[in-house]
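Participant: Sequence:
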Amino acid sequence: MGRTIGLISLKGGVGKTTLSAALAVSLANNFGKKVLLIDANYSAPNLGIHMDIISPSRTIHDVLDGDKISSAIHYRYGVDVIPGNFLYRKAVNPLKLRNRLAYFKRNYDFVILDASPSLNNEVLSTILASDNLFIISTPDYPTLSCSMKAAKLARERNNPIEGIILNKVKGKYDVGLEEIQESTGIPVVAKIKNDKIVNLALHERVPAPLFSKGSAFSKEVMRFAGALVGEKEKRGLFLKIRGKDNKKERVNRAVLRESFYEGMFGKNGR
Numbered sequence: 011m012g013r014t015i016g017l018i019s020l021k022g023g024v025g026k027t028t029l030s031a032a033l034a035v036s037l038a039n040n041f042g043k044k045v046l047l048i049d050a051n052y053s054a055p056n057l058g059i060h061m062d063i064i065s066p067s068r069t070i071h072d073v074l075d076g077d078k079i080s081s082a083i084h085y086r087y088g089v090d091v092i093p094g095n096f097l098y099r100k101a102v103n104p105l106k107l108r109n110r111l112a113y114f115k116r117n118y119d120f121v122i123l124d125a126s127p128s129l130n131n132e133v134l135s136t137i138l139a140s141d142n143l144f145i146i147s148t149p150d151y152p153t154l155s156c157s158m159k160a161a162k163l164a165r166e167r168n169n170p171i172e173g174i175i176l177n178k179v180k181g182k183y184d185v186g187l188e189e190i191q192e193s194t195g196i197p198v199v200a201k202i203k204n205d206k207i208v209n210l211a212l213h214e215r216v217p218a219p220l221f222s223k224g225s226a227f228s229k230e231v232m233r234f235a236g237a238l239v240g241e242k243e244k245r246g247l248f249l250k251i252r253g254k255d256n257k258k259e260r261v262n263r264a265v266l267r268e269s270f271y272e273g274m275f276g277k278n279g280r
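Here the sequence shown is numbered in the working numbering, starting from 11 and rising by one per residue.
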């Protein structure tokens, strides 16, 4: 049975779609997983641009309107993708997503949902359809306040947030990781530095983990993806010599790896 991962944020511009595409591609290409990536931002879908799907014949809107899921799948970069259509004229019910995926998700190891940033039924559809939720946030107070709202909404629906992916980290003027975890009560499981390679990759419409495998962005996404599949994180020589690791996000990923992987496959990995 596939695991549905929802990536949410109640504020635009945090890099949620970029990370959704990157995570899906990393799971497929670095770890050999079968992945379905869905644009669940129905009002303003742009996942297709990130995955080089510009004029799709069928989209998630058609699926919610009754078409078969298989008819809307486009294969790109090792991933099955269901893009959106911002020109779709009919009204659709986002809350149908969970039921539409209930049977079909068993064909995949992971289903990744790129959620809407709107506090309405669009983001609720991702919360209800997901087995696990992660918040994408930048390290600033306005975005963190939105992240806390998202966490509250998820808890009210009995689907608490597993972790925060901190994106576009720049430096000393950012809110610190400790303060973020204390204010939200949610562990930070990835800390991604602001990386110009992301814009270059988007310009070429190639997800960053394929455009530049060695970039800081791609490496941290791969570490997070590795935690989801139960891959033990490799430590550099310096950390091996010291014998300990003070990076909170790395420690949090180790906890996530154990709880997530055992919850998905059992203690014996089955």
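Calculated from the structure, these hints are not laboratory results.
Remember, it's a predicted structure, so these values are computed and weren't measured experimentally.
It is possible that some hints are incorrect.
Label pairs and their computed distance ranges (CB to CB) [claimed, not checked]: (1) A226 to K78: 22 to 30 angstroms; (2) R116 to I207: 46 to 54 angstroms; (3) Y183 to S53: 29 to 37 angstroms; (4) G181 to K100: 43 to 51 angstroms.
Below are the PhoX-like pairs computed for lysine-lysine, each with C-alpha atoms no more than 20 angstroms apart in a straight line [claimed, not checked]: (5) K244 to K223; (6) K229 to K257; (7) K162 to K21; (8) K182 to K206; (9) K43 to K223; (10) K43 to K115; (11) K223 to K203; (12) K244 to K229; (13) K257 to K182; (14) K180 to K159; (15) K21 to K159; (16) K180 to K43; (17) K182 to K162; (18) K100 to K115; (19) K203 to K180; (20) K106 to K78; (21) K258 to K203; (22) K244 to K206; (23) K203 to K182; (24) K258 to K242; (25) K203 to K21.
All C-beta atoms in this analysis are idealised placements derived from N, C-alpha and C, irrespective of residue type, glycine included.
Participant: Against the 20 angstroms threshold, does the CA-CA distance of K100 and K115 hold or violate the hint?
Facilitator: Violated: K100 and K115 sit about 25 angstroms apart, past 20 angstroms.
Participant: Just to be careful, I want the Cα atoms of K106 and K78 compared with a cutoff of 20 angstroms; is the pair within it?
Facilitator: At roughly 13 angstroms apart (the allowed maximum being 20 angstroms), K78 and K106 satisfy the hint.
Participant: Please work out if K223 and K203 have their alpha carbons no farther apart than 20 angstroms.
Facilitator: Between K223 and K203 the Cα gap is close to 15 angstroms, so the pair holds against 20 angstroms.
Participant: Does K43 lie within 20 angstroms of K180 when you go C-alpha to C-alpha?
Facilitator: violated, 32 angstroms
Participant: Against the 20 angstroms threshold, does the CA-CA distance of K244 and K223 hold or violate the hint?
Facilitator: With a Cα-Cα distance of about 16 angstroms, the restraint between K244 and K223 holds, given a limit of 20 angstroms.
Participant: Verify the proposed pairing of K244 with K206, using a straight-line Cα cut of 20 angstroms.
Facilitator: Distance of about 25 angstroms is beyond 20 angstroms: violated.
Participant: Hinted pair, alpha-carbon criterion (20 angstroms max): K182, K206. Please report holds or violated.
Facilitator: Holds. K182 to K206 sits at ~19 angstroms (cutoff 20 angstroms).
Participant: For the pair we were handed, K43 and K223, check the Cα-Cα distance against 20 angstroms.
Facilitator: Given that 20 angstroms is the threshold and the Cα spacing comes to 18 angstroms, the pair holds.
Participant: Take the C-alpha atoms of K244 and K229, compute the straight-line distance between them, and say whether it is at most 20 angstroms.
Facilitator: holds, 12 angstroms
Participant: Between R116 and I207, does the beta-carbon spacing fit 46 to 54 angstroms?
Facilitator: Violated: the Cβ-Cβ distance is about 35 angstroms, outside 46 to 54 angstroms.
Participant: K182 and K162 were given as a pair; does the straight-line alpha-carbon distance stay at or below 20 angstroms?
Facilitator: violated, 28 angstroms
Participant: Within 22 to 30 angstroms: is that where the Cβ-Cβ distance between A226 and K78 falls?
Facilitator: The hinted range 22 to 30 angstroms is violated for A226 and K78, with Cβ atoms some 40 angstroms apart.
Comparing the model with each earlier hint shows violations of hints 1, 2, 14, 16, 17, 18, 22; every other hint is respected.
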